[in-house]
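**Q** Protein sequences appear in the order of chains F and L. When you read off a place in the first sequence, starting at 1, and then add 1477, the result is the number in the working numbering. When you read off a place in the second sequence, starting at 1, and then add 944, the result is the number in the working numbering.
What the hints contain is simulated information worked out from the structure, not anything from laboratory work. Please note that a few of the clues may not be correct.
Said to hold, decoys possible - List of simulated lysine-lysine pairs, BS3-like, C-alpha gap at most 27 Å:
hint : chain 1 : residue 1 : chain 2 : residue 2
1    : F       : K1703     : L       : K976
2    : F       : K1703     : L       : K1005
3    : L       : K1044     : F       : K1703
4    : L       : K950      : F       : K1749
Computed from a prediction, not measured in an experiment: that's the story for all the values here.
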Amino acid sequence: MGLLFSFFAVAILGVIAFVGVRSIHLHYFFGVIIPYLAFAVFIVGIAFRVLKWARVPVPFRIPTTAGQEKSFPWIKSSKIDNPFTSFGVIIRMALEVLVFRSLFRNTKMELRDGPQFTYGSTKWLWMAGLAFHWTFLVILTRHLRLFFEPVPFFVEILETLDGFFQVGAPVLYITDLIFLGAVTFLFLRRVIIPQVRYISLASDYFPLFLIGAIGTTGVLMRYFLKTDVVGIKELMMGLITFNPVIPAGIGTIFYIHLFLVSALFAYFPMSKLMHMAGVFMSPTRNLANNNRAALHANPWNYPVKAHTYEEYEEEFRDKMKSVGLPVEKE
Amino acid sequence: MYNGGKILLGLIIFISLVTAPFWLSGKQATAKPDPKIDTPEILKLPESDRQCVESKAYMKKEHMKMLNEWRDWVVRDGVTVYTSTTGKQYTMSLQNTCMKCHSNKKNFCDECHNYAAVSPYCWTCHLEPKEKGL
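Work out the full structure: start from the sequences and follow the hints.
**A** Okay, structure coming up:
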């Protein structure tokens, strides 16, 4: 259900842009208004979500402890997997964000003959995830050539490296191939593995199809259908300087690509894609495990009204004495 | 708000990064490339003959693909003559056909290529035209 729904949702998005530009000629709407709106939703939405998360109290440290906790000086502690200092946390977060360390430890279990459960490491998801996210970042960075004039040096370096093999003209980017391959893998994984398929929802398939469609339209535009890149840059520079222009002669495929990207931007804050911000705010990762070393007082502890024995005796001393009970203070 | 400072700092860094094009784009941002087609060779031609091998719109989008195909046809298949959609025949050669008219690489090729940050590898094999006072 989720699969078909997502597929058709993305297909309809594509058709909307195609019909809107090709038949109704809403170039300004799809080229200016929608991108502005989508970008605004993206920024405001992310800020809203992050600030909402930030308001959640964190009274206690709840890191996952994947190594020996710091205790006695003669017991060797794991400084990254059970960080005690902020420095350890920074290293742990950096490894998590940059190389998906916890996904690297992904395991699978199988029921073998015996019957016996066996656990084994499985790196495919980690590899495809890494390939997907890094190529996505490279592709995004390459797109900066359309948003800066003059183009920053690192964008040009990245482009040169990406087109290293100089296949064809315009040169084939290696990241384009890896990216589409990784998206395909991540999709097939959801469909083929029964357990994963069972827990996959429309909100899992939709971003995959959307990102896949963005990649496909991008590749079509660059290598096959062709558009006027200079015109596209004029449009983009117009957008970022708030002087929007719609140069003539940009192919419909560009507007489809732009509309799908806008859809992704607008969808971003209200979807699982918020893991981009969420990974930094995971309390099981970003907290140092110093629960035993430092006091973490619970801020909403109820101020308990205590009545100590001294006060009790003070109150009832006479009565206690009269029945012969021992008192501490005469 | 717990660790509010760190979270706000992260948020500010993120927003500054994604909005960087808006506040970093200078005056050059709206400058458009202006490829010149006023070389002596083109001006020599009568007005009616000032036409590239294919239409301007086609060349704008497809010239890189066309040059790539020309290379394959000439170098690998030994075909040297290109018949355009108008039926006119041209020798497939970057230096002798394209650059004969468009001898102003700096004011023609580079104009758009720099704008779009493209660095085609034509000139690793072909000789760049020597331009004087253009």
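**Q** Compare the structure with the hints numbered earlier in the document and write down the numbers of the violated ones, lowest to highest.
**A** Those not satisfied: there are none.
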